[in-house]
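For the protein sequence lines, the chains are C, V, Z and X, in the order given.
Under my numbering, the first residue of the first sequence carries the number 7, and numbering increases by one thereafter.
Under my numbering, the first residue of the second sequence carries the number 7, and numbering increases by one thereafter.
Under my numbering, the first residue of the third sequence carries the number 7, and numbering increases by one thereafter.
Under my numbering, the first residue of the fourth sequence carries the number 7, and numbering increases by one thereafter.
Honestly, the hints are just simulated from the structure, not real lab data.
Be aware that one or more of the hints could be misleading.
No distinction is drawn between identical chains; accordingly, a pair holds when it is met within one copy or between any pair of copies.
Stated by the list, open to error - Heads up, simulated SDA-like pairs for lysine to any residue below, C-alpha to C-alpha not over 20 Å straight-line:
id	residue 1	residue 2
1	Lys359	Ser123
2	Lys193	Lys258
3	Lys312	Glu263
4	Lys359	Asp272
5	Lys271	Ile179
6	Lys80	Gly38
7	Lys359	Gly205
8	Lys327	Glu71
9	Lys312	Thr322
10	Lys359	Gly38
11	Lys152	Glu40
Source: prediction; values computed, not measured.
Protein chains: 4
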Amino acid sequence: MSESYGENIQVTIFGQSHAPAIGVTIDGLPAGEEIDLDELRAFLSRRAPGNNAWSTPRKEADEPEIQCGMANGKTCGAPLTAIIRNQNTRPGDYANLRTVPRPGHADYTAYVKYDGSADMSGGGHFSGRLTAPLCIAGGICKQILKREGIEIKARIQAIGGIEDPGDILTEEIGTDFPVIHVEAGAKMQECIAKALSEGDSVGGIIECVVTGLPVGLGGPLFDGMEGRISQAVFGIPAVKGIEFGVGFASAKLRGSENNDAFCIKDGYVQTETNRCGGILGGITNGMPVIFRAAFKPTPSISRPQKSVDLTTGEETTLEIKGRHDPCIVPRAVPVVEAAAAIAVYDALLGRRKEENR
Amino acid sequence: MSESYGENIQVTIFGQSHAPAIGVTIDGLPAGEEIDLDELRAFLSRRAPGNNAWSTPRKEADEPEIQCGMANGKTCGAPLTAIIRNQNTRPGDYANLRTVPRPGHADYTAYVKYDGSADMSGGGHFSGRLTAPLCIAGGICKQILKREGIEIKARIQAIGGIEDPGDILTEEIGTDFPVIHVEAGAKMQECIAKALSEGDSVGGIIECVVTGLPVGLGGPLFDGMEGRISQAVFGIPAVKGIEFGVGFASAKLRGSENNDAFCIKDGYVQTETNRCGGILGGITNGMPVIFRAAFKPTPSISRPQKSVDLTTGEETTLEIKGRHDPCIVPRAVPVVEAAAAIAVYDALLGRRKEENR
Amino acid sequence: MSESYGENIQVTIFGQSHAPAIGVTIDGLPAGEEIDLDELRAFLSRRAPGNNAWSTPRKEADEPEIQCGMANGKTCGAPLTAIIRNQNTRPGDYANLRTVPRPGHADYTAYVKYDGSADMSGGGHFSGRLTAPLCIAGGICKQILKREGIEIKARIQAIGGIEDPGDILTEEIGTDFPVIHVEAGAKMQECIAKALSEGDSVGGIIECVVTGLPVGLGGPLFDGMEGRISQAVFGIPAVKGIEFGVGFASAKLRGSENNDAFCIKDGYVQTETNRCGGILGGITNGMPVIFRAAFKPTPSISRPQKSVDLTTGEETTLEIKGRHDPCIVPRAVPVVEAAAAIAVYDALLGRRKEENR
Amino acid sequence: MSESYGENIQVTIFGQSHAPAIGVTIDGLPAGEEIDLDELRAFLSRRAPGNNAWSTPRKEADEPEIQCGMANGKTCGAPLTAIIRNQNTRPGDYANLRTVPRPGHADYTAYVKYDGSADMSGGGHFSGRLTAPLCIAGGICKQILKREGIEIKARIQAIGGIEDPGDILTEEIGTDFPVIHVEAGAKMQECIAKALSEGDSVGGIIECVVTGLPVGLGGPLFDGMEGRISQAVFGIPAVKGIEFGVGFASAKLRGSENNDAFCIKDGYVQTETNRCGGILGGITNGMPVIFRAAFKPTPSISRPQKSVDLTTGEETTLEIKGRHDPCIVPRAVPVVEAAAAIAVYDALLGRRKEENR
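All chains, full assembly: derive it from the sequences and hints.
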């Protein structure tokens with residue numbers, strides 16, 4: 007425990023890569039919310055592996071099958087469960103992973119934690135495939151949030167050290183390859199292709215912004231929006247860091263450089279700058295919430311790597327076969343949006359408890 | 007909701023800066039655990055304001071009074087509540103903060119969230135003073151963890167861009183000013199003094215390491231150690247970023263550069279490097295857990311700042327009087343240790359549920 | 007929120023009577039626990055509608071399909087999700103229930119709560135069918151508990167005022183009709199048949215006993231075993247009361263009549279009597295936990311009943327067609343066992359956190 | 007874990023009978039709610055021991071000291087903590103209880119659970135005194151609920167088998183001794199006095215009604231109002247049973263006798279009778295919620311009782327000295343109201359999440 011996220015909705019993700027299905031249950035969704043399944047499918051297709059250099063050739067329809075929780079196109083108040091059947095399973099590829107753990111993967115830690123009983127075929131419950139049900143939950147939250155005027159978008163901010171300059175708030179993000187500057191995107195794709203050709207992988211940074219938020223979501227101490235969003239975003243495998251607003255850079259600044267002055271704009275209290283990333287004292291201040299998440303390079307590389315044989319206790323060399331993304335960052339962009347959507351919607355519902363007097 | 011942290015213990019922090027008391031309740035502490043109150047006081051004194059350049063001149067004994075949960079020097083199985091009475095309160099200093107919010111503070115967001123009913127005197131529930139009860143809870147967890155061979159230590163890794171080089175794992179950390187290299191520390195103190203003399207403040211980074219961990223704490227997805235520790239650490243006011251292992255730097259690396267090869271050392275499975283910060287697939291791998299948290303500069307500065315008057319809706323200039331730290335980073339070092347201790351102990355108790363067969 | 011039960015495992019039940027599927031997710035099951043699917047099916051078949059006087063003629067295979075959470079016949083540490091596909095759906099029968107609520111049912115309250123968006127076809131999420139996934143979760147917990155020496159059994163203690171005398175602890179319970187005394191069972195069946203022939207239904211009481219429990223499960227105040235078991239048992243539709251040990255009868259006794267004297271038996275501390283139902287101060291005392299749950303008569307009866315039309319706001323008369331049990335008590339016996347198993351296993355896992363030092 | 011109750015507010019009770027203090031923290035109270043401390047004191051005084059035959063001669067001021075969570079007479083959005091200092095402690099009386107457990111008490115189960123480290127002086131965390139902080143939390147919730155038109159009242163329905171006839175909904179309840187019929191009350195007091203004079207104690211039943219509830223609180227399955235209220239009420243030591251509406255009696259009825267017909271009254275949908283106790287499908291139906299809780303007789307009696315010496319493992323005879331109530335039922339009446347208030351207010355806040363669209 008626990009695969010669950012949320013105080014006001016409860017999102018529980020289940021499934022293993024090569025089990026009959028993966029899926030998600032969302033409990034606590036208010037009744038009467040329309041869910042556009044085509045829009046949901048379109049959102050999911052953004053993380054689906056595609057015909058390009060940077061994603062695994064494994065093909066999955068990733069068709070979400072709503073089992074319950076809806077009636078007449080709307081939520082009905084009962085928990086919503088959706089599953090995705092695993093079709094294209096090739097357990098043979100992973101036969102040697104049980105006893106020789108892949109560096110950078112959960113093979114070893116799962117082996118010990120589950121005392122040899124883990125189902126690690128295809129990465130099992132640790133597979134990147136589990137981000138598909140996360141996207142189902144997040145996609146549903148996104149649709150509801152949008153009707154409340156809250157929008158969430160993310161972009162690749164960097165891959166392998168190559169940055170996409172641009173301003174996520176004001177500039178348009180590409181659809182095929184989610185960057186603002188096409189040239190930066192082209193360089194990133196070259197970087198990925200080069201890594202792939204060398205049997206290697208590469209990491210990156212995803213930036214996400216949430217606009218249209220009311221003042222007052224989140225709360226002090228452990229209730230803060232930073233902690234709430236972090237817990238959701240660290241639920242995405244491969245994330246190793248997160249920062250809000252100017253984040254780590256604020257550690258180099260003085261208060262006079264970092265504080266955001268309050269002003270009146272369009273009749274509302276706003277801040278002139280947004281170095282705090284839209285969060286003060288753990289609470290949204292009405293400005294856009296901005297954060298960045300660091301993704302480590304995919305640990306699955308085809309180069310020989312040093313590992314140990316857990317049965318013999320001896321060091322050995324491992325060569326990983328199978329289908330892997332040389333860089334998961336492009337496909338992770340909607341996943342970050344999904345995690346943010348879940349965290350924000352959960353906080354929004356929590357806010358209603360205190361407001362409605 | 008919620009000021010509470012934890013799945014297996016539940017740490018609830020309460021209090022406002024100028025209310026009768028602040029404090030903490032820890033529910034779920036196993037019975038029979040010795041708590042050395044002198045050691046706890048010594049731990050708390052590390053965050054207490056002192057006679058130095060970098061901390062507020064406000065003096066508080068910060069004496070924790072255990073109200074219940076102990077008998078004969080040991081936990082008794084009932085919830086442990088400790089309070090710290092607020093003695094040196096000077097609410098007058100903050101009289102003008104109610105309607106003119108301080109930039110970078112929770113004044114405005116709390117004003118809206120609590121609909122004008124927030125007690126913001128001295129920062130209220132958002133005050134840095136609330137990290138004292140966090141340290142009580144964390145200090146108690148630290149003592150218990152130490153008996154299990156798990157130790158936690160933190161240092162100032164940077165202030166105002168000045169870094170402490172050194173290796174936190176192998177080198178000794180100073181006690182007066184918690185850095186490894188005295189010269190780096192001296193430069194940081196100069197940096198703080200300069201900011202103070204200019205009516206300003208400065209931010210920094212704290213690095214923390216947890217050693218002696220067993221393999222198997224945490225879990226996949228939302229159960230991961232990164233998310234668990236983040237939620238605790240973002241509970242500390244002023245934290246705006248966190249990263250594990252090489253963290254954001256891993257986004258620039260290739261898989262072959264970032265993966266930690268498994269090896270056999272002293273008869274145990276270990277990794278040759280520790281770029282993952284001791285966590286794989288959200289689960290501890292037996293190597294030290296290492297993370298860094300970015301602290302923004304204290305928003306309270308004595309320079310005039312632009313703000314708005316919430317009653318008139320007009321822009322105005324604010325000058326903050328009162329007692330404030332020009333840099334909270336030195337005093338925040340034990341607070342980061344405390345947050346880590348709570349998160350780790352909670353995960354350790356959770357681990358027992360699956361192990362004990 | 008919340009359809010979930012548990013602090014240490016988390017059981018989430020989902021589905022509507024006429025949706026594609028109903029099911030359950032159990033998070034937090036320790037890895038390596040064998041699950042015998044045949045035994046699980048046999049347990050589920052005890053609540054399945056049968057060829058007899060007292061159950062609905064609706065036929066469902068109620069075949070649980072494990073979607074994930076297992077590998078090689080054992081739990082693998084990942085959440086276990088099982089679904090039961092709804093095959094024999096006849097939504098037409100319920101067409102008139104949307105606007106004319108059935109007395110004693112959730113039709114009206116669900117209508118208001120979900121603002122007209124509830125899926126009440128076949129009772130929707132409120133259907134007795136949802137006790138099938140409860141039995142999946144409980145059946146799995148029962149299997150694990152049995153290996154720890156903890157056994158759970160229940161019987162019909164009364165139907166329509168006809169009581170089964172006998173002692174649940176020492177006497178054998180029938181399998182076809184779960185009572186101790188065959189004659190009492192025959193009278194109960196007559197009572198049910200008579201009610202059915204008169205277009206009516208009848209209620210009853212189920213008694214449940216848990217043996218083999220260690221001392222120390224549960225805790226004081228809100229952590230007590232009575233509250234934990236109650237929350238699980240009230241999760242079963244139609245339960246309107248619960249009592250532990252002598253229960254309501256203890257309200258008539260004196261302390262000297264109600265207290266259970268401690269004694270030494272077989273070298274262990276035991277109590278001479280067990281009026282407290284195996285729970286003292288909310289904590290198991292090692293004696294069998296005994297409780298009784300009161301089931302109201304099935305609200306679905308074929309007699310005309312007075313109701314209102316929610317669209318016109320006028321009073322009207324309702325005649326319910328469809329398939330209904332004249333008495334759900336016989337089929338609810340395994341459901342009560344399942345609820346008890348979930349509550350006890352959750353408490354047992356919680357106990358491990360404090361023990362394992 | 008856990009001494010906490012609630013999904014939307016979180017009520018955590020702490021303290022031991024002879025520790026410095028007992029108290030409660032309520033997290034999640036919306037800001038801006040007035041709390042009348044005199045009214046709260048008056049509510050608490052209803053459970054205070056008094057100058058009468060049926061309560062312990064131990065005198066405690068039971069003065070609640072609000073430590074935080076309020077400002078200017080209103081909740082301020084931060085957690086509210088109140089403590090009651092233990093003044094009149096006489097630990098000597100209980101010296102022999104450590105190794106010879108009192109029948110009917112938690113002495114033995116706590117001894118085992120906490121491995122000899124429990125603080126059982128005066129009953130420790132299991133003492134009836136812990137119902138005082140429960141009343142603080144409940145009293146605060148009652149005040150807020152009253153402003154929403156929701157009122158809660160309870161009465162002694164029976165003591166030692168002597169019943170108070172009357173209708174709790176329509177008739178007035180006495181203040182000195184909370185029954186409707188003075189004569190029934192007089193007989194109950196005689197019954198208590200007789201038990202006391204014989205060194206014995208006696209149990210009883212408390213009936214509670216909640217009026218003014220909106221339709222829609224609670225939910226299906228584990229979210230039902232019966233389970234929510236039960237969990238709160240079983241948090242009161244000595245409660246061994248609970249039933250809603252006609253409760254156990256419904257087990258003897260037919261559906262046609264038990265169903266409550268819907269009708270239109272005063273322009274609203276209501277039910278002609280209220281056998282379901284205001285709850286259908288786990289959800290409030292707008293009618294009064296009615297329940298009864300069975301209290302066992304106080305286990306502390308002055309007659310010699312058989313027990314065992316846990317140090318020697320031998321059977322022995324125990325005589326309990328000290329101050330005890332011969333019947334806790336009269337003092338428990340406000341405690342039941344408090345538990346109901348907490349459960350109802352928590353459900354009311356939960357309802358706001360789904361409503362406010």
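Mind listing which of the numbered hints don't hold for this structure, in increasing order? Per hint list: 4, 5, 7, 8 violated.
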